[in-house]
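S.K.: Assemble the whole structure, with the sequences as input and the hints as a guide.
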Amino acid sequence: MDWLEDYENEIERIFEEAAAETAKFPAPLDELGFALLARLNPLRTNAGTNYISFLLPYWLREQTNSSGLMSRDLAVGNVFAMIHFFLLDDVMDEGTELHSLKVRSSLVLGQLYQTLFQQRYSSYFPSDSPLWKYYQGYIADWASAVSQEGKHAADPRDFRQLARKSAPVKLCAAGMLLISGQLDRMAELEEAIDLVLATLQLSDDWTDWREDLAEEKGNAFLTLVRERLSLPSGQPLDERTVKQAIYRTDALDKLAEIVRDHGERLKKIAHVPASLIEFQETIAMGLRKDADSAEETTIKLASGGSLSYFLSNITIN
1 MDWLEDYENE IERIFEEAAA ETAKFPAPLD ELGFALLARL NPLRTNAGTN YISFLLPYWL
61 REQTNSSGLM SRDLAVGNVF AMIHFFLLDD VMDEGTELHS LKVRSSLVLG QLYQTLFQQR
121 YSSYFPSDSP LWKYYQGYIA DWASAVSQEG KHAADPRDFR QLARKSAPVK LCAAGMLLIS
181 GQLDRMAELE EAIDLVLATL QLSDDWTDWR EDLAEEKGNA FLTLVRERLS LPSGQPLDER
241 TVKQAIYRTD ALDKLAEIVR DHGERLKKIA HVPASLIEFQ ETIAMGLRKD ADSAEETTIK
301 LASGGSLSYF LSNITIN
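UniProt numbering applies: residue 1 is where the sequence shown begins, and numbers increase by one.
Simulated from the structure, these hints should not be mistaken for laboratory data. Mixed in with the good hints there might be a few duds.
[Unchecked claim] So the derived label-pair ranges between C-beta atoms look like this:
1) ASP2 with PRO26: 39 to 49 angstroms
2) GLY68 with HIS152: 28 to 38 angstroms
3) LYS300 with GLN119: 51 to 61 angstroms
4) ASN65 with GLU296: 41 to 51 angstroms
5) ARG39 with GLY234: 35 to 45 angstroms
6) ALA19 with GLY234: 41 to 51 angstroms
7) ASP89 with HIS152: 13 to 23 angstroms
[Claimed, not checked] Cut-off 16 angstroms, straight-line C-alpha distance, at most; resulting in silico cross-link-like pairs (EDC-like, lysine to aspartate or glutamate):
8) LYS102 with GLU31
9) LYS217 with GLU227
10) LYS268 with GLU191
11) LYS267 with GLU188
12) LYS254 with GLU211
13) LYS217 with GLU296
14) LYS102 with ASP89
15) LYS254 with ASP155
16) LYS289 with GLU257
Glycine is no exception: its CB is placed at the ideal position from the N, C-alpha and C atoms.
M.R.: As structure tokens, then:
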């Protein structure tokens, strides 16, 4: 994974700088911040799919003739923004189950990180910079996505809609194109990033399908499950039903095909950074591997007459 290995030293620096700023927070918010940074640092833990948030400025550096310092500053700013939105999402998703003190701490800590994000970006983009109009648009996309989540079934094929929840990630791309005088490339680069963000969302939806059963409309994989089984809207999903879709109707295989198509479309866009394409391919290969494993299991157990028992008892994903 060259898209990761080439930047391991920089990732170390990014999180060191983020920790240095966090150390200035009043107690106990500093310790809460340190814990979050450790959780999100891919060199310390399995950080999931957050890499694009802090590696995108590096992937765009060569094409925009940006300095190493600027790439790092925007990357650190992106870490601060990522934590801000992570904390907001946590409160929105778990708010009714969180103790009021936890809600208060999360919101206050999120605001501290939001301020740090603005400080990092403002050193390159003053208040009258055109960049902040892009920021307003990305925040509007994010707000619309999170406020409507669960009201309508997520469409696994609508990559632009799937990407809206992560729209603020694109701000560094707008800024780097703005400074390098290449804003004419913005539409194509936004499409490329949206395809990758949608790929990440589909991968997350596959990983989280069990946790999302109670609120399935926000999960695009579960939409695909319902589609493959031709289930009426009023019939609830359960684990056994999802397993049937995976092992009998190739629901996971269809998800992998959608992601593969995202990759093919991505490659046709001009001037897409190679690392962005490689990153998308890594996610796609992970889904393809899971889909192939599900198919192999189905064939093996069906030939032995054990598929029904398997569907009733196996724990997957």
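S.K.: None of the hints should be skipped; say for each whether it holds.
M.R.: Taking the hints in turn, this is what the structure says about them:
| no. | hint | result |
| --- | --- | --- |
| 1 | ASP2 with PRO26: 39 to 49 angstroms | holds (41 angstroms) |
| 2 | GLY68 with HIS152: 28 to 38 angstroms | violated (43 angstroms) |
| 3 | LYS300 with GLN119: 51 to 61 angstroms | holds (56 angstroms) |
| 4 | ASN65 with GLU296: 41 to 51 angstroms | holds (48 angstroms) |
| 5 | ARG39 with GLY234: 35 to 45 angstroms | holds (39 angstroms) |
| 6 | ALA19 with GLY234: 41 to 51 angstroms | holds (50 angstroms) |
| 7 | ASP89 with HIS152: 13 to 23 angstroms | holds (19 angstroms) |
| 8 | LYS102 with GLU31 | holds (14 angstroms) |
| 9 | LYS217 with GLU227 | holds (12 angstroms) |
| 10 | LYS268 with GLU191 | holds (11 angstroms) |
| 11 | LYS267 with GLU188 | holds (12 angstroms) |
| 12 | LYS254 with GLU211 | violated (21 angstroms) |
| 13 | LYS217 with GLU296 | violated (29 angstroms) |
| 14 | LYS102 with ASP89 | holds (13 angstroms) |
| 15 | LYS254 with ASP155 | holds (13 angstroms) |
| 16 | LYS289 with GLU257 | holds (12 angstroms) |
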